[in-house]
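This is what each chain is made of:
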Amino acid sequence: MAKQYKSLHPIKYFRDYLAHDIRPDGRELTKYRPVIINANSVSTAEGSAIAKVGKTTVICGIKAELCQPKTETPTQGFLIPNLELPPLCSSKFKPGPPSDQAQVATKVIADIIENSGCINLQDLCISTEKLAWCLYADLVCLDHDGSIIDACLLALFTALKTVSLPKVEYNAELDSKNLQMDERTPFKLYNVPVSTTFAILDETVLMIDPTAEEENLCTGVVTIVIKDDELCSVLKPGGSPITEEKLVDCIKQSMERAKLLGKLIDTATQETNDEIDK
Amino acid sequence: MALCEAEKTFILHSVEENFRIDGRQRGDYRPMELETNIVAPSFGSARLRLANTDVLVSVKLEIDSPTLEQPKLGKIEFFVDCSANATPDFEGRGGDNLATEISNCLSSAYKSSTAFDAGKLCILKGSKCWKLYVDILLLECGGNLYDAVSLAVKAALWDTRIPLVKSVVVDGNKVDMEVSDELFDCERLDVTGAPIMVTVCKIGDQCIVDPTTAEEHCSGGSVVVAVSKSNFSTILQTGGGSLHPMTLLESLKLGQTVAQRLDSTLINTLKQINDNSTDVGFLK
Amino acid sequence: MEMDSNTDCSMPISNFGNLTRPDGSTIYSQGKSTVIAGVYGPIDVKPQKMLIDRGSVETFFRPKSGLPGVGDRLYETIIRNICETALVSTLYPRSGIQVVIQEMQSGGELISCSVNAACLALLDSGIDMKFLIAAATCCLDQEGYLIVDPTELQQEKAKATFVFVFESSEGRIVASHTTGTFKLEQYEQALDLCKKGSAKIFEYYRKVINGKYNKK
Amino acid sequence: MEDVLVCIPGQRLCLCDKKHISGQGTYERQGYLYSQLAGLVKIIEKEDGVQLIEVHSTQDQGLVPQQGDLVTVQITIINQQFAKCAIKCIGDTVLSRPYRGILRKEDLRATEKDKIEVYKSVRPGDIVLARVLPITEAHTYHLTTAENELGVVTAHSEGGHQMVPISWTEMQCTKTLVKQHRKVAKVLPEKPKQIVT
Amino acid sequence: MPVDLKRINGPENTVSYKLYTPSKTFKEELKCLFKSNNKRQDGRNSLEHRKMFIKTGIVSQAKGSAYLELGNTKVIVSVFDPREIPNKTDYSQKGVLYCEFKYATFSCPQRRNFQQDSEEKQNSIILKQSLEPAVCLHEFPNFQVDIYALILENDGSSLSAAVTCACVALAHASVPMYDLVTAVTMGVVDNQILMDPTLKEQQLCEVFDETDTKSDHGIIVTSFMSTHQQISQFYQTGNINLENISKSISISTDASGDIKLLIEKCIVNHVLKGANKSNEE
Amino acid sequence: MSKKKELVSKIGLRLDGRRADELRRVRCKMGVFSQPDGSAYIEQGLTKVLAAVYGPHQVRGNRSKAQHDSAIVNCQFSMAVFSTSERKKRPRGDRKSSEMSIHLRQALLAAIKVELYPWSQIDIYVEVLHADGGVYPACVNAATLALIDAGIPLKEYVCACSASLANNDIPMVDISHQEEMLGGPTLTIAALPMSEKIVLMEMSQRFHIDHLPKVMAKALKGCKDIKVILDEAVRSHVEDVGCSTGWSNTSQKIKV
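Chains as they are written, first to last, in the UniProt record's numbering: chain A, 1 to 278; chain B, 1 to 284; chain C, 1 to 216; chain D, 1 to 197; chain E, 1 to 281; chain F, 1 to 256.
Don't take every hint at face value.
[What the hints assert, rightly or not] Computed spacing ranges between beta-carbons, pair by pair:
| id | chain 1 | residue 1 | chain 2 | residue 2 | range |
| --- | --- | --- | --- | --- | --- |
| 1 | E | THR21 | A | LYS70 | 23 to 29 Å |
| 2 | D | GLY160 | A | LYS252 | 53 to 59 Å |
| 3 | E | LEU242 | B | PHE19 | 27 to 33 Å |
| 4 | E | SER46 | B | GLU250 | 26 to 32 Å |
| 5 | B | GLU250 | D | PRO134 | 40 to 46 Å |
| 6 | F | HIS211 | B | ASP22 | 55 to 61 Å |
No wet-lab data here; the hints were simulated from the structure. Just so you know, even glycine gets a beta-carbon here, dropped at the ideal spot from N, CA and C.
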């Protein structure tokens with residue numbers, strides 16, 4: 001009967017759980033789901049990673065291509081992130097162009113990359129005004145079960161950490177390019193921002209790392225991005241109002257978690273680097 | 001088209017008896033009419049009428065640059081347009097699915113160099129080549145679209161004349177070329193290998209060729225084979241059914257012989273057309 | 001670049017009812033940014049978007065030129081969520097409320113400007129609201145000083161910018177959007193400053209609404 | 001644990017004859033019974049030694065409503081002719097995606113059909129038990145509540161409070177004590193399964 | 001190319017750096033096909049299939065899902081509950097399958113586009129036609145079952161991997177089926193038949209060969225239902241004679257049977273797991 | 001500004017050798033296809049158009065569109081991708097095609113006796129095979145023939161013709177593609193030629209108000225001329241069909 005009840009009165013069902021300070025999947029309000037990161041999962045990409053936050057799965061593949069820098073920024077390369085939420089990952093999405101949700105998430109991720117200063121686009125320039133690298137960081141969600149931004153950032157930065165680019169000998173006069181596939185330089189990442197998402201219900205209850213079901217029923221979310229010991233984004237895109245104290249509390253919780261996540265990314269990349277060394 | 005069970009049984013029996021509803025035998029085609037050079041703004045064109053099926057094909061040429069992966073190849077692109085004239089179901093984007101199916105099948109049949117030598121369309125390696133637009137307009141659907149389309153395409157390509165390139169001047173990265181604007185300064189395409197598609201339709205335990213729309217509805221599965229000279233350039237099962245491996249093999253054999261027969265007839269016909277050129281088009 | 005009359009710039013200007021078709025509309029200008037906001041509602045809604053227990057809020061953010069892109073989608077979502085929170089949407093089940101924001105001129109703090117304009121347009125339309133909302137922007141310059149109501153130039157040069165949206169009843173935070181990096185303490189300071197800034201906006205709302213009804 | 005017979009789609013189960021009949025999850029082809037699903041074989045002994053062979057999946061099967069199915073629906077829109085609704089459950093199975101259904105005025109109750117008024121029988125948001133009528137070529141499923149056991153089971157008053165049935169045609173809000181008309185279902189709380197079969 | 005307003009766009013005209021790396025000619029590549037001991041580069045015989053790994057229940061939000069690894073080729077397929085056919089006005093007695101086959105943008109040596117290209121569209125159609133004869137469509141009239149296949153990494157034979165994977169996903173979603181479908185890709189190049197070609201081998205089979213146009217080359221994908229001995233889809237491109245085709249048919253139907261044993265095991269495991277779970281409850 | 005090329009020479013001939021009030025050669029045929037209820041093919045100069053009519057039949061798609069007092073008329077204009085000298089990207093769906101569809105519908109709606117077929121729908125599809133000026137008039141004329149072929153009652157013929165002003169003075173009819181490109185404004189009229197009612201008028205650019213009446217009169221005259229040609233085609237078609245069905249005997253007797 002529980003299933004029928006859940007389907008007919010989802011909010012009541014949810015509140016019944018929360019009344020006992022526990023969530024439908026058995027977690028406490030401040031407990032996050034296990035995180036698994038696997039680096040270098042796709043060999044056709046220059047860098048790749050799969051991140052799992054609970055059931056939410058995101059794969060990131062990075063493709064490097066050559067292009068001409070823009071005239072406004074002649075000494076910069078490109079890093080183009082895009083998140084796909086294909087119909088494969090949840091019945092919420094329909095085939096066709098990206099949904100609003102995918103577009104918003106893409107923009108948020110692009111903003112975080114820019115805000116954190118984790119990369120220097122000038123590293124991607126090969127020859128001023130002539131040739132630069134363009135890194136396409138394509139994120140694909142394989143299983144959408146909430147906290148998508150968190151999973152995306154984990155996959156994205158783990159993948160970026162594994163990228164190494166071949167050396168390009170460029171002769172500007174002849175416009176000839178010569179690649180040294182053996183001489184590869186790893187791509188430099190200056191810091192690794194990680195995020196934590198919270199869901200708000202009834203303006204008072206805060207849940208860390210919500211599932212898709214919780215996100216649906218809740219009336220607002222907050223995503224906090226931490227880089228080293230600084231904040232790099234506090235995004236609360238509307239929704240139920242909360243007090244200042246609650247917000248600061250969220251920030252503190254996410255700072256704690258950020259340390260763990262940072263270590264996790266390090267170990268994931270370390271493992272693959274070790275494998276390559278062998 | 002909706003058929004009732006009795007109609008289906010009738011068709012099934014007629015195929016069994018080797019005396020189909022329009023009096024044909026299993027391996028027979030319906031009468032065809034072919035005209036070439038009937039669309040003025042094209043480099044080559046053909047119209048094929050296979051009983052009720054009416055197909056108009058035009059070939060247009062443009063100068064393009066080859067892809068970076070294959071700098072030595074020209075390009076050929078097939079575009080099928082299902083006109084709403086054929087059936088109201090094609091209105092708007094209604095015919096798009098059928099159109100992609102046919103155009104995909106055509107492009108995979110023409111992909112092999114044996115079937116169609118795209119290397120001949122290359123003008124200057126890596127920078128200039130011809131792009132052939134083969135536009136197919138379906139004006140009426142009376143069954144057996146694949147066969148009709150492939151015949152019309154082959155005829156249109158046969159009819160196509162490519163202007164001669166008089167001179168190519170390479171200056172650094174810039175390429176200047178001059179195309180002859182003389183009307184008769186042109187060459188024909190080599191289409192001997194251009195594949196002919198035959199739809200072999202399984203009805204009951206027998207295989208037939210050139211099914212009518214009604215027969216297509218009774219089919220338990222059909223195979224489209226594209227045959228270039230004597231080899232297969234594409235095989236594709238259509239129509240939703242499944243086939244036993246032995247049946248498939250038999251269908252392939254049947255398709256191959258029929259395609260070769262069709263091919264030689266087509267070439268003969270095309271040669272005759274050339275002699276008496278009176279354009280009548282749709283006015284006949 | 002005119003930088004002289006900074007005091008004049010900081011006071012918002014608005015005008016109601018410029019558009020005749022929407023149920024509520026306003027031209028709103030704050031600093032050097034100007035937007036037009038229009039509200040339609042409650043109106044019929046497509047069956048797919050219909051919600052049985054409350055109204056569905058849709059927002060369209062139109063940039064000054066060109067077609068809306070990925071970035072504008074984020075603004076749309078933020079404004080939509082804010083409006084949805086502020087409205088008593090349960091009063092309008094199975095119907096829709098559309099908020100359309102047209103950017104006229106952008107000179108910093110565009111999000112704040114749009115949110116405040118949306119709030120005024122909602123007020124003008126007479127749709128029931130739980131509370132008012134007001135947005136304020138401030139930015140952190142390279143030396144670590146906070147600047148309230150920054151100009152576009154200041155925003156560009158800043159180390160970080162903060163946009164906060166507050167509600168009028170208890171002054172809680174409805175939305176927060178930041179760029180750049182910053183410390184927690186700086187964030188808290190910015191929050192405080194913006195809260196004060198939002199109080200001014202609320203005051204302003206009172207003034208214009210008073211003006212609007214007294215006129216009639 | 002009793003020993004279970006696992007089967008996969010296309011697996012031949014047994015000869016199809018008078019003693020073995022094809023049941024749910026199986027199909028018959030050229031004299032044999034085959035399985036349609038990946039799941040467990042269930043053999044139901046009937047009278048005369050006839051065995052009904054069924055295959056049951058271990059998870060919820062993707063059901064579509066069939067004629068005569070008992071469904072749980074939520075009313076979405078009403079007008080004077082009909083009420084539109086979303087089918088949420090078929091029998092005991094919860095659907096992951098609701099199907100569209102429609103309750104026409106004349107199918108709301110069995111008696112005094114000419115006096116039925118839709119808004120006095122159901123309101124948007126109500127949870128209603130209904131039965132699927134014969135499937136027509138329309139897009140939506142036609143439903144009926146013209147049985148004693150069928151009708152509104154849960155409803156909320158305008159204030160959002162739960163309402164309880166006080167008669168066959170009325171429900172009352174637990175908080176405001178407002179009475180509203182409904183076509184109330186006679187719920188058998190003890191054995192809900194009986195309704196299903 | 002038009003600007004995609006719903007994504008972040010990169011600069012115009014980016015090219016893969018791989019174009020500037022030294023490449024071998026067709027003849028050289030052909031020579032590298034086999035090692036000296038008559039084995040292929042990955043150590044297989046010409047008619048040997050790669051190792052296959054299958055797992056069900058990968059996507060929690062889908063009704064059924066499966067993940068399949070074939071060498072380096074990685075496919076994920078999810079299947080959803082029947083839903084109303086969008087934009088359809090007339091009633092159909094049978095249900096329909098909606099199939100979408102997509103390469104992830106980073107799955108191939110060349111970056112793929114976000115939109116389906118004609119190859120992906122064609123593969124979607126083949127995927128649909130491979131599965132349709134096996135699914136009991138009459139069980140869900142007027143509805144469609146959505147099947148989405150995403151190739152995470154393409155190392156050849158991705159279409160056949162997607163067909164097999166989709167079939168497991170359908171079984172996992174308990175969509176009624178007449179039989180299991182398994183698919184095998186065969187490559188023909190230089191008159192040699194290669195089973196389950198890798199991407200490199202597949203490209204050689206497809207490629208335009210200017211020197212020797214007489215020899216057979218091409219790709220054959222066979223989808224087979226082994227219980228009922230029916231070929232549900234047979235797709236071939238290239239230029240192959242009848243003899244090689246008939247050979248390939250018999251080889252691939254045999255291989256399909258072997259693959260079926262593998263996926264059977266996987267499905268049975270899933271059922272047993274489910275049965276244990278419901279027993280515990 | 002360069003001097004505009006003379007569209008009519010001193011001896012009164014146009015670029016293609018026609019006189020100012022001369023139509024291009026019109027050739028047409030009804031009943032080109034067997035599956036549609038009515039079909040027609042028309043050539044006006046080099047412009048070639050096929051039209052097909054389906055109906056009246058039950059309303060397809062959204063049944064709620066059906067009207068209780070008249071039939072729905074549904075038009076689709078489509079241009080083959082190869083019909084112009086520059087290859088088109090899409091045969092339909094672009095803005096110009098939709099506009100043409102709407103204009104076509106407006107013109108035909110004026111002639112079809114829709115009130116005879118309540119709750120039903122009539123589909124008219126036109127396919128341009130070769131566009132060489134005067135596409136819209138050719139479409140209207142082809143559609144009229146197809147409607148007659150389908151046996152759908154019309155109030156009268158609906159014909160269309162284009163006209164323009166040469167050398168800022170001489171009105172001329174049936175404008176070809178070349179003249180459209182070189183010349184000034186083009187006026188297109190769809191009319192009921194017997195009752196001399198104009199159902200649709202469209203100008204590509206502005207006309208001086210003084211010129212308008214004479215150009216309009218010319219276009220109307222063109223419509224009437226076309227009507228005569230169409231009428232002849234219809235009569236001969238009916239006679240042809242009649243011959244094969246056997247009632248020609250009677251008609252011949254009457255003639256005798």
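In this structure, is the beta-carbon distance linking GLU250/B and PRO134/D contained in 40 to 46 Å?
44 Å, holds
Could you say whether the range 55 to 61 Å given as a hint is met by the Cβ separation of HIS211/F and ASP22/B?
60 Å, holds
With respect to the beta-carbon atoms only, verify the hint that GLY160/D and LYS252/A lie 53 to 59 Å apart.
36 Å, violated
Assuming the hint says 27 to 33 Å, is it satisfied by the Cβ distance from LEU242/E to PHE19/B or not?
29 Å, holds
Looking only at beta-carbon atoms, does the pair SER46/E, GLU250/B fall within the given range of 26 to 32 Å?
27 Å, holds
Beta-carbon spacing of THR21/E to LYS70/A - inside the hinted bounds 23 to 29 Å or not
26 Å, holds
In summary, the structure is inconsistent with hint 2 from the numbered list given earlier, while agreeing with all the others.
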